[in-house]
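> In case you want the letters, here they are:
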Amino acid sequence: MKRFRIADIALGIAGLIVLLLLWQLVTSLELISRVFLPSPAATISALEWGLVNGDLLPQTLATVNRMIQGWLLASLVAIAIGSLIGVSPVARAYIQPTLEFLRPLPASAIIPVAISLFGLNASMVLGVVVFGAVWPTLLGTIHGFAHVEPRLVEVSRLLQMSRWEFIYKIGLPNAVPDILAGMRLSLTVALILAVVGELLTAQEGLGTAVLHAARSYRAADLYAGILLLGLIGLVSNYGLAIADKRILAWKN
Amino acid sequence: MIAALTKSWRGWLFPVLVIAGAEIWFLFNPVLSDTLAAPSKIVSGAIETLTDGTLLKTTYQTLVAAAIGLLIGMVAGTACGILIGLARTADRLSSWSVEMLRPIPSVALIPLSLLTFGYGYRMEYAVVAWATFWPFLILTQHALKQVDVRLMEVSKLMGFGIFARIFKIMLPAAAPRLFTALRLSVGLSLVVAVTVEIAANPQGLGYGLMVSQESLRPDRMFALLIWVGLLGWALNYGLVWLEGRLFAHRAPGAVASA
Amino acid sequence: MAANPAIELKDVSLSFGSNQILTGIDMSVDPGEFVCVIGASGSGKTTLLRMIAGLLTPTTGKVFSNGKPVLKPSRHVAVVFQDYGRALLPWRRAFANVSLPLEASGMPAKDRPARIRELLAKVGLAHHEDKFPGQLSGGMQQRLQIARALAQEPDTLLMDEPFGALDAMTRQTLQDEVLRLVSERKTTVFFVTHDIEEALYLGDRVVALDSNPGRVAYDIKVPLPRPRDQLTTREHPEFLRLRREMFEIMNKIHA
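Protein chains in written order, with the working numbering: chain Z, 24 to 275; chain L, 71 to 328; chain F, 443 to 697.
In short, the hints are calculated from the structure, not lab data.
Accuracy of the hints is not assured; some may be wrong.
[What the hints assert, rightly or not] Computed cross-link-like contacts, DSSO-like style, restricted to lysine-lysine with a CA-CA straight-line distance of at most 27 Å:
no., chain 1, residue 1, chain 2, residue 2
1, F, Lys663, F, Lys452
2, L, Lys215, Z, Lys268
3, Z, Lys268, F, Lys504
4, Z, Lys274, F, Lys573
5, F, Lys504, F, Lys663
Extracted from the complex, chain Z is given alone in its bound form (with noise of 0.2 Å):
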């Protein structure tokens, strides 16, 4: 079992290598333009250069920072919304078709809304991520509290809970699943509506660094803030799959 654990993880990193050899090959022959495609080389060089003398740091962190405050009040806001609107059926009956019309709506387009009342500024970008990283975790919550397992209900009756008592006894702790799994997607929408508005609106970070280093050709720049904002979606992905690990021990 651990042998094979071992093969796969050796077989992952050369593919890996496989296709940075690749990549390699490509800009070595000029099969690609380097204007377009700079090497790997160059890409790493960029990528150091720029988080030891450059602003890639301070851009890197200033986007991290964008995506975790709108994805954490969005969260805030989702988990506290969400639990009054699923605990009651009635006032899921009026608002849920509602939430649901609402949701394919890409909340990228509530951006010129957005601006018209803001400005082109961070408070509006800030706004955009909160409005659309509300989404997944509100309408998990909405679900979770929705889907309480009728027994659970009923011994809530029998021990005479309050509602409140309810909601965080048994409403609450049935939805984390759901709440979760919309917070992870809810992360992935924070990242992308910060770069989205970064790029609209020139704030600093990493958005508005890959558009300058677009339009001023400087390819390996653009790569190494590309590479920086995958990393950013991997680590945070990762975290969360393991808390999610930790918190929800008592699924497996």
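Once you've looked at the hints, dock chains L and F against the given chain Z.
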């Protein structure tokens, strides 16, 4: 029947109240707003975008960009998904690369796509294709892994070759899950296309929204926004309906659990 | 002067729309009595239990608990459900599951652990307090549900086919444990089952329900000596005679 009616009646009440409330609010606060518009103004804005051709033109542009990008993502993603879903070695070789590349947010590629292709359809295809490639890859791979082992054994016993096995057994067996991948990706392609248009590409509904905002026409802006919402909703609803029709004869779990 | 009956049903009927579930039920259970209710599926025996628990209101007639009309659930009445997998809180460890009724009744947090450990020990789960329900076997989960019910210190325990989903060995062990636990506190038990032998083995009385609509068909005393024993009780001539009688009754009902 009556239950369904009252349920839908309840669902309508909330948006109707919001619209009526907004209309009344604008009635008593008749400031000429550059940012918001009364529902009645939005309706006339919608009629205007329809009659001057903006609505049709931008919708066409967005849908074409989304559809062709989706098609590229679907073909590439499904092909790669079949490969790594069937060959264990390909799966192991690609696992790390997939894990590293997949989290790159599609919008991060907007500047690169702009640099490579300039403004126009092609840069939008590229970003939409990147975004939809991953769900097809992952879901195809999972769908194939979940094909019943017994079914595979049967196909081997019948002496089918590898292609016959793929096209006669595996893909039909995985069809409900593949359709789910399609449904999710159709929604995603619309979202990404509109996002690219808002962020950079001067065409389509996203750009139409930005132009309405910049020219201080909130009535047109909200009309287009609602139209984008309707479009996304209708696409999703239509595909869910189709999914039910196509796979109704399958075990209910096959679609529901996908 | 006799005390009020622990449970009393007066001409109770229940219907959902035009569907008559139970009709004309008159029944009385004395304090400390162990009454088993048997009947085929569809005889409304679970529905009857839910009305006594206050989870359902009869269409006509009245349900009393210790002389007071039952209008809603009471903390003096505990329920053990058959589907332990659904009735336990899957995200709470065994310890915290037993804690739930103590929290609901407002017991101070510092007094709870001792009481919880005592209850877990009573049902043989002393070494499993840190496990989630999903990590326990079916029998252990049902023990946990019983511990949770006992935490309420109920006067009346309502058990709805509690051992229906368990294997024969586990079932016998748990039958004996329930008898021991309820005799300690002289708890009144209303025990629903579809197993004639189980009903005779456990009960002071067995009530058989006829179906469609559910009504009391037969009500017999079980004059078997206590404490009961899986071997001697089940071989007791009276047990065998009653078993035969009950089989004949049930066959007649469902003929």
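> Can you give the numbers of the hints that this structure goes against, from lowest to highest?
Hint 3 contradicted; others consistent.
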